[in-house]
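These protein sequence lines are chains A and B, in that order. Convert by adding 44 to the 1-based position in the first sequence; the result is the number in the numbering used here. Convert by adding 5 to the 1-based position in the second sequence; the result is the number in the numbering used here.
Read the hints as simulated data drawn from the structure, not as lab findings. Cβ atoms here follow ideal geometry from the backbone N, Cα and C, with glycine treated the same way. Where hints are given, some of them may not hold.
Chain A regions said to be covered by chain B (calculated; three or more residues, Cβ under 8 Å) [stated by the list, open to error]:
no., region
1, 48-57
2, 76-86
3, 92-102
Computed list of chain A residues with no C-beta within reach of chain B, every gap over 12 Å [said to hold, decoys possible]:
no., residue
4, W66
5, A110
6, L115
7, A118
8, I119
9, Q120
10, A121
11, A122
12, A124
13, A126
14, P127
15, A128
16, E129
17, L130
The calculated label-pair distances, taken between Cβ atoms and stated as ranges, are [as the list claims (entries may be wrong)]:
no., chain 1, residue 1, chain 2, residue 2, range
18, B, P97, A, T108, 25 to 35 Å
19, A, S111, B, V225, 18 to 28 Å
20, A, S65, B, N236, 40 to 50 Å
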Amino acid sequence: MCTYATIAAPLDGSAKGPNGSWFHVTDASVYFDHPVHAMAEHTLNIDFAAPADGPTARVAVELTAASARELVTAIQAALASAPAELTA
Amino acid sequence: MNDSLSARTIEIAGHDAAAIEAYLARPGGDGPRGGVVVIHHMPGYDRASKEITRRFAELGYDAICPNLYSREAPGAAPDDAAATARAQGGVPDARLIGDVGGAAEHLRSLPTSNGKVGVIGYCSGGRQSVLAACNLDLDAAVDCYGAFVTGTPPSDYALKITNLVDQLPNLRCPLLGLFGNEDKFPSPKQVDELEQILDDNGKSHEFHRYDDAGHAFFAVDRPSYRVAAANDGWQRIAEFFSAHLGG
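Chain A extracted, bound-state conformation (with noise of 0.2 Å):
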């Protein structure tokens, strides 16, 4: 199915993008339904995007659901290792 749901969210930070070229990422779309590439019916989605820059300013990333599971731990145990108060 199309599940529709989006999740917005809004991000301060750099992505590698098109022509290998770095950008400032400002949001990110997350969710779950059709990927373009990965061969799922359906995939955790995730585009890093400047919607100021036009539709080209993206990084797409699709993952599986355990996919996805595993990243959000990582990216949780990867925060929890630094000290605190480099991450507040």
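Take the given structure of chain A and dock chain B to it, following the hints.
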């Protein structure tokens, strides 16, 4: 039979007379013949959608696929355009009706037109095909596993989507529905509900449901592809449009 065809990108007048991009595929020969509006799926105005459009030309129809994301991301790659449109809330129903209406008018304006136009959509486009058929003068509509024609979308969805239950009494043309029994959205129960509403309102419809098929069983480039269901479905579509579009 004449199997030659031509296809190209054109500009048409969509909702509010806005210029939008569309992919037009036409058989060789002078007609007269019917037309088909192809509504692309949420992943966008992509290669697969254009292949489907060309197939309708091969079947003998003037076929057009409007780029529903023309406004959000003109000229962008289909996947980037789909992501941009999604982040902005998706395609509003009123705009969809206007864009499909513009595409249908373009088909009717062609010198080969017999005046009849059908619509077909896949996935999110399946719902939009029914939506168009409830609001536009069309001659036939095909819903390929569209979610939320019936059923209740969760209220916290960022994409504003409603079911079409209150609009179904206004359905203006026969509806062909093709569904996978393993699909969860629409579930077999939701398809039952749709069929009951159409029965109750005396609306002409023909439904086919396939075992060993879930969502997107027509999609040849996805793991969901089911050859038996897709082959039978294409045959049903060809027969349905032939009966209602004079193809």
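We went through each hint and held it up to the structure:
1. Under the rule that three or more residues need a Cβ within less than 8 Å of chain B, the assignment of the region 48-57 of chain A holds, with 5 such residues.
2. Counting residues of the region 76-86 of chain A whose C-beta sits closer than 8 Å to any C-beta of chain B gives 6, which meets the bar of three, so the coverage hint holds.
3. Residues of the region 92-102 of chain A lying with their CB closer than 8 Å to a CB of chain B number 6, which satisfies the three-residue condition for coverage.
4. With a least CB separation of 18 Å from chain B, W66(A) remains clear of the 12 Å interface cut-off, as annotated.
5. With a minimum CB-CB distance of about 16 Å to chain B, A110(A) clears the 12 Å threshold, and the non-interface call stands.
6. Listed as a non-interface residue, L115(A) keeps its Cβ farther than 12 Å from every Cβ of chain B; the least gap is roughly 19 Å.
7. For A118(A), the requirement that its beta carbon stay farther than 12 Å from each beta carbon of chain B is met, with the minimum near 24 Å.
8. Distance check on I119(A): its Cβ is at least 21 Å (rounded) from any Cβ of chain B, clearing the 12 Å threshold; non-interface status holds.
9. The claim that Q120(A) lies off the interface holds: its Cβ sits roughly 23 Å from the closest Cβ of chain B, which is beyond the 12 Å cut-off.
10. With a least CB separation of 28 Å from chain B, A121(A) remains clear of the 12 Å interface cut-off, as annotated.
11. For A122(A), the non-interface assignment is confirmed: its Cβ lies about 26 Å from the closest Cβ of chain B, beyond the 12 Å cut-off.
12. Under the 12 Å C-beta cut-off, the non-interface status given to A124(A) relative to chain B holds; the minimum distance is some 29 Å.
13. Non-interface call for A126(A) relative to chain B: holds, since the shortest CB-CB distance, roughly 30 Å, exceeds 12 Å.
14. Separation of P127(A) from chain B is adequate, the least Cβ-Cβ distance of about 34 Å exceeding the 12 Å criterion.
15. The beta carbon of A128(A) is kept farther than 12 Å from every beta carbon of chain B, the shortest such distance being approximately 32 Å.
16. The beta carbon of E129(A) sits about 34 Å from the closest Cβ of chain B, which is more than 12 Å, so the claim that it is off the interface holds.
17. Against the 12 Å criterion, L130(A) stays outside the reach of chain B, whose nearest CB is about 31 Å from its own CB.
18. Hint check: P97(B) to T108(A), Cβ distance near 32 Å, so the stated range 25 to 35 Å holds.
19. Checked against the given bound of 18 to 28 Å, the beta carbons of S111(A) and V225(B), roughly 25 Å apart, stay inside it.
20. Checked against the hint of 40 to 50 Å, the C-beta distance between S65(A) and N236(B) comes to roughly 45 Å, which is consistent with it.
Every hint, counting from the list given before, is met by this structure.
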